[in-house]
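There are 2 protein chains.
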Amino acid sequence: MTDMKQAAKSLVLAFGKAWEARDPDAVVAMLSESVVHQNIPIPPIHGREAVRRFITPNLRAVQEMRWVFKAIEADDSGRVVLTERVDSFIYENGRVDIPLMGIFEIADGLITAWREYADIGQFVRDMQAIGRAPGPGLVQ
Amino acid sequence: MTDMKQAAKSLVLAFGKAWEARDPDAVVAMLSESVVHQNIPIPPIHGREAVRRFITPNLRAVQEMRWVFKAIEADDSGRVVLTERVDSFIYENGRVDIPLMGIFEIADGLITAWREYADIGQFVRDMQAIGRAPGPGLVQ
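For the record, the sequence lines run as chains A and B.
Numbered per our numbering, the first sequence spans residues 11 to 150.
Numbered per our numbering, the second sequence spans residues 11 to 150.
This is chain A alone, in the form it adopts within the complex (with noise of 0.2 Å):
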């Protein structure tokens, strides 16, 4: 394995640890200024501080957050990473389990574009399942 294609399944490893801590700090860190983040059929969201606003509320309201992979593969040239997981939002009165897809291209070590593809009237279900109304740094 080349030492581009480790870092870059590295940082999107620790992306993914970020999310877990809660930090929105830690995630934004690992973006470059002009990221482009789509939660696939959602138009996209522009700018670092831009998924700052979103990410923030729902990290606030989550007790625990998880991103499991299942699997991470990347181009030898460390460019694109491709991942298959489980992200769960954990509440007090109950959790949300969504199966993804999810890439993430990467430049000068930091993520420029991260896509996610879920199916996403199942989350939402799932979320007013359990009394929540999923906020718009969800689903946007």
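The hints are simulated quantities; they were obtained by calculation from the structure and are not laboratory data.
Hints should not be assumed to be uniformly reliable.
Below, computed lysine-lysine pairings styled on DSS-like, alpha-carbon distance capped at 30 Å [to be verified]:
no., chain 1, residue 1, chain 2, residue 2
1, A, 80, B, 27
2, B, 15, B, 27
3, B, 27, A, 15
4, B, 80, B, 15
5, A, 80, B, 80
Dock chain B against the given chain A, drawing on the hints supplied.
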């Protein structure tokens, strides 16, 4: 790149070509007899023949089918291939382009598991917009 890795990626690219050829025999020939196919979060389909029954009506209904790979990576052992794609279902009166990610598990040169992640609600709405009721082979 290892031979096993390249073989795995080539298999998945050929699988896309079989879809584009709208050839159910060619598609299922790349699946193991006990393949598990799932369009997350819909329950999985078990077995090659069950997959054949699901896909055949849809491959016949569509005038043209495209699998455009935006990204494809495999592990060095060639056991797993992760993809980001746009799949297009093209009919006389319109088309639906579905952005998705898919993961393929491979053993002995055949696909043993195949999971797709997309927003199924958006896909159904797009199909309805061109007067198509998505069949069980597309959204089960």
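Going through the hints against the structure:
Annotation: proposed proximity of residue 80(A) to residue 27(B) holds, straight-line Cα distance about 27 Å (limit 30 Å). Taking the CA atoms of residue 15(B) and residue 27(B), the gap is about 19 Å. The hint holds against a cut of 30 Å. A threshold of 30 Å between alpha carbons decides the hint, and for residue 27(B) with residue 15(A) the separation of about 28 Å falls inside it, so the pair holds. The suggested pairing of residue 80(B) with residue 15(B) holds, with an alpha-carbon distance near 18 Å, which does not exceed 30 Å.
In summary, the hint linking residue 80(A) to residue 80(B) is supported, as the alpha carbons are separated by about 21 Å, within the 30 Å threshold.
Figure legend: structure checked against the earlier numbered hints; every hint is met.
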